[in-house]
Amino acid sequence: GQNIDQPTEMTATEGAIVQINCTYQTSGFNGLFWYQQHAGEAPTFLSYNVLDGLEEKGRFSSFLSRSKGYSYLLLKELQMKDSASYLCAASHGWGNDYKLSFGAGTTVTVRA
Amino acid sequence: GAVVSQHPSWVICKSGTSVKIECRSLDFQATTMFWYRQFPKQSLMLMATSNEGSKATYEQGVEKDKFLINHASLTLSTLTVTSAHPEDSSFYICSAPGQGAATGELFFGEGSRLTVL
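Quick note, the sequences are listed as chains A and V, same order. Everything in the first sequence is counted per the working numbering, starting at 105 for the first residue and increasing by one. Everything in the second sequence is counted per the working numbering, starting at 17 for the first residue and increasing by one.
Next up, chain A with everything else stripped away, as it sits in the complex (with noise of 0.2 Å):
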């Protein structure tokens, strides 16, 4: 089976840094996507990692060890607009058996 961690909840202040951790267990494993959702809408992408290292996209950036089943999505400069539910997921099987496993999700508070 697949199983995906990810803490429940994160409160940070508005301008601050904020790192969610991800710790995934799954068979043929592909890659490490992360998504934002906000509440009652559908995710949004916002990164994928396949290969070891951090990523960088403006503000947000990800981080995958292969090795040791663990990414991070790390959010800099913090808006409120920010407030919402991170979703991290991996990509595993080929062709026909290609899914998207998703963790229970972060929600991350931005306090002002």
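Bear in mind the hints are in silico, worked out from the structure with no lab data behind them. Certain hints may be false.
Only pairs whose alpha carbons sit at most 25 Å apart, straight line, appear in this in silico DMTMM-like list of lysine to aspartate or glutamate [as the list claims (entries may be wrong)]:
| no. | chain 1 | residue 1 | chain 2 | residue 2 |
| --- | --- | --- | --- | --- |
| 1 | V | K71 | V | D104 |
| 2 | V | K57 | V | E75 |
| 3 | A | K185 | V | E121 |
| 4 | V | K71 | A | D201 |
| 5 | V | K57 | A | D186 |
| 6 | A | K161 | A | D186 |
| 7 | A | K172 | V | E121 |
| 8 | V | K36 | A | E145 |
| 9 | V | K80 | A | D156 |
| 10 | V | K57 | A | E160 |
| 11 | V | K36 | V | E126 |
| 12 | V | K57 | V | D104 |
| 13 | V | K71 | V | D43 |
With the hints as your guide, set chain V onto chain A.
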């Protein structure tokens, strides 16, 4: 590009009736679409993989006779919740892999919130 549209956004039905949810890829062809269900404050749970021209593949624990999936064309997949009950009330989201920034990136529909009374 890679827009997925889902309809209806909201639906309320009586217990025992059936509800159909449509998922369309607007600017690309999708041979595969994924149907997820999300209960409040929980993650997206994959229900089934819809394959154009063949039967859907259901995840363990998902009743294929209750959640009927039809992938009629390369741009349309439908999910029908048959004999709906209050416990089926949930947020249903479809998605399709497209040519996004990442290989295998999923593009999601807007979601359909089903309330069964």
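Quick rundown of the hints versus the structure:
no.	hint	result
1	V:K71 / V:D104	holds, 22 Å
2	V:K57 / V:E75	holds, 21 Å
3	A:K185 / V:E121	holds, 23 Å
4	V:K71 / A:D201	holds, 14 Å
5	V:K57 / A:D186	holds, 17 Å
6	A:K161 / A:D186	holds, 15 Å
7	A:K172 / V:E121	holds, 23 Å
8	V:K36 / A:E145	holds, 20 Å
9	V:K80 / A:D156	violated, 39 Å
10	V:K57 / A:E160	violated, 28 Å
11	V:K36 / V:E126	holds, 15 Å
12	V:K57 / V:D104	holds, 16 Å
13	V:K71 / V:D43	holds, 24 Å
Comparing the model with each earlier hint shows violations of hints 9 and 10; every other hint is respected.
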